[in-house]
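Visitor: Line by line, the protein sequences are chains P and H. If you're matching positions, the first sequence starts at 0 in numbering that gives the first Met the number 0 and goes up one per residue. If you're matching positions, the second sequence starts at 0 in numbering that gives the first Met the number 0 and goes up one per residue.
What the hints contain is simulated information worked out from the structure, not anything from laboratory work. You may find that some hints are simply not true.
Stated by the list, open to error - Derived lysine-lysine pairs resembling DSBU-like cross-links, with alpha carbons at most 35 Å apart:
hint : chain 1 : residue 1 : chain 2 : residue 2
1    : H       : K85       : P       : K85
2    : H       : K57       : P       : K69
3    : P       : K70       : P       : K129
Protein chains: 2
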Amino acid sequence: MDALTVIRTRRSVRAYTDEPVSEEHIRTMLGAAMTAPSAGNGQPWRFVVVDDPALLEKAATLHPYAGPAKKAPLGILVCGDLNAEKFPGFWVQDCSAAIQNLLLAAVACDLGAVWLGLYPLEERVTAAQKLFGLPESFIPLAFVCVGHPRAEQQPQDRYDESNVRRNRWA
Amino acid sequence: MDALTVIRTRRSVRAYTDEPVSEEHIRTMLGAAMTAPSAGNGQPWRFVVVDDPALLEKAATLHPYAGPAKKAPLGILVCGDLNAEKFPGFWVQDCSAAIQNLLLAAVACDLGAVWLGLYPLEERVTAAQKLFGLPESFIPLAFVCVGHPRAEQQPQDRYDESNVRRNRWA
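So that you can see chain P by itself, here it is in the shape it has in the complex:
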């Protein structure tokens, strides 16, 4: 599928079939994530690939909308390692770009995914650090649920002219 169609087809997918996600697809998604740009090319992203059903069940308690984790065959916890930052303060942007690549790669693999935000909410961050045994320098940014989607998505364009001005806003 061409890149623009993938961008337009990606949607938050919360309902999955029972089919597991293949190791090849996991590798493809992580490779895409790690090919994102990062400040000073610091690549501060770290990933915990979660396929233990007991952990997925617990991940569903991290966030008020994390229910899909319970029925997802796979979760990917995306963290920033503060010790890896080349330019302090940019890790959220770096890791968000990585997640967006990961979500698009999922669509390219005929998978569906949803981005569940953790940081900057202290309670979610602390709970995820404990659940996934993270070192102190790792801040969990998001938990991404992945699976084979139950429903097919159609491409959509959400361009909104009112969000754009030329040269100066005012």
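Place chain H on chain P using the hints.
Guide: Here is chain H on its own, set in the frame of chain P:
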């Protein structure tokens, strides 16, 4: 070009030919950006499309590595509108996902781009707010330079096994 190839081909491109970026390509990049996910679907992104050479010249002073702005035919300032956030604190993630889509759409259009980070550095934020006449609620996240690349890029996979663990980090 298929999505995975675009993801692997995207690189920070800082040298451009004199050819301008077409209105159709600007529309495609902005449409891609606005199709990113956002917390509560708040879509807090705002864009200033900069093609005034005097402003591009000034944009080059915003950032120690912003030199490419001087010779780029186009810049896109990406801001978060704090008044548009559905869930406060997530605008950086939302706007970063939008920028990543924009960068990938640039590659799909045979363009090249570079993401110049502004936020969270106070001095850069204040200078950009003034230069582009932003309302108080707008925080400029990044200035993206866009143009027709002078050199061709080859796809690259940056997968690094040491960034990944299964189920728990420790």
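Visitor: Now, for every hint given, state plainly whether the structure supports it.
Guide: Comparing the hints with the structure gives:
{"no.": "1", "hint": "K85/H x K85/P", "verdict": "holds, 31 Å"}
{"no.": "2", "hint": "K57/H x K69/P", "verdict": "violated, 51 Å"}
{"no.": "3", "hint": "K70/P x K129/P", "verdict": "holds, 22 Å"}
In this structure, only the earlier hint numbered 2 is contradicted, and the remaining ones agree with it.
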